[in-house]
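Peer 1: Spelled out from the first residue to the last, the chains are:
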Amino acid sequence: GENVEQHPSTLSVQEGDSAVIKCTYSDSASNYFPWYKQELGKRPQLIIDIRSNVGEKKDQRIAVTLNKTAKHFSLHITETQPEDSAVYFCAAPENFGNEKLTFGTGTRLTIIP
Amino acid sequence: DTAVSQTPKYLVTQMGNDKSIKCEQNLGHDTMYWYKQDSKKFLKIMFSYNNKELIINETVPNRFSPKSPDKAHLNLHINSLELGDSAVYFCASVSGVGTDTQYFGPGTRLTVL
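One line per chain: the protein sequences are A and B, in this order.
The numbering of the first sequence is my numbering, which starts it at 119 and goes up by one.
The numbering of the second sequence is my numbering, which starts it at 6 and goes up by one.
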C-alpha cells in the first residue's frame, strides 16, 4: 500500500515568514495529492490539492509543488499569519481502486506573533 | 445547512459498554468513511462505504461494526469498549472516490474510563 512520510512534525515560524512542509510517498502511480488543515478542536478541511499533470499550484498565500520523479510534494505558506497556526496533513491515494487516502502524520505549525 | 454531521459530539463511557456514533451527509455523496484520530493526531482510516456497500475494512477489531442504512448515513457501533478506543472519530464523505475532496464531520470525542 501507499506509505506517506511527512516532515517536520512541528514547525514554528515568525509571523510574516514562510513555512514549508514536505511529504514523500511510495506509490509511483499516485496521481492526487491533497493538503488538509486542522485547527485546534476542529475538523480537517482541504486547503489545496494538486494532480500529477502539473508541477505547481497556487492559491493566494499557499502553494503546493510536486516532484513526481523524486516522489515528493510540499506545501508552502508565505507571509504567515496567526490564523495559519494549525496541524497540516498531506495525503496520497492508494491507487488500487483509488478508494482511500493515506494521510501523513501531520505537522503542527505555530506562528509566533 | 451542515454538510456532514455527527452525533454525539462527546461521548464519555465506562469500559465494557457498547456505544454508537451516527453520521449523516447531505451532499449527495456516494462514499463515506470513518477515521480514528488518536492523541498524537494520526488520522487512520477504519472503514469506507460506497452506496451502502463496504469497500474498505482496515485491520480494525471486530468490536467495531459500521452500518450504512442508505448512502447518506454511516453509523459506527462499538462493543465492549476498551481504554485504547479513546480517540476522536471523524466521519467523512466524498463525491467519487479518494481522489476528490473529502468533507469531514465535526468529530466525536470518545473517552473510555
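These aren't lab readings, by the way, just hints derived from the structure by calculation.
Predicted model only: the values in this text are computed from it and were never measured.
From the three backbone atoms N, C-alpha and C, an ideal C-beta is built for every residue, glycine too.
Certain hints may be false.
As the list claims (entries may be wrong) - To spell it out: a stretch of chain A is covered by chain B in this simulated footprint if at least three of its residues, at any positions, have a beta carbon under 8 Å from a beta carbon of chain B; those stretches are:
#1 119-126
#2 129-138
#3 189-199
Said to hold, decoys possible - No more than 27 Å apart at the CA atoms, straight line, and that leaves these computed lysine-lysine pairs for BS3-like:
#4 45(B) / 76(B)
#5 49(B) / 186(A)
#6 41(B) / 140(A)
Peer 1: The structure should be examined with respect to each hint, and the outcome stated for every one.
Peer 2: How the hints compare with the structure:
Counting residues of the segment 119-126 of chain A whose C-beta lies closer than 8 Å to any C-beta of chain B gives 0; at least three are required, and the coverage claim is violated. Counting residues of the segment 129-138 of chain A whose CB falls under 8 Å from any CB of chain B gives 0; the rule of at least 3 is not met. Coverage of the segment 189-199 of chain A by chain B is violated [criterion: at least 3 residues with CB-CB distance below 8 Å; count 0]. A threshold of 27 Å between alpha carbons decides the hint, and for residue 45(B) with residue 76(B) the separation of about 31 Å lies outside it, so the pair is violated.
Using a Cα cut-off of 27 Å, the hinted pair residue 49(B) and residue 186(A) holds, with the two alpha carbons roughly 25 Å apart. Distance hint between residue 41(B) and residue 140(A) is fulfilled; the C-alpha atoms sit about 23 Å from each other, no more than 27 Å.
Consistency note: the structure conflicts with the earlier hints numbered 1, 2, 3, 4.
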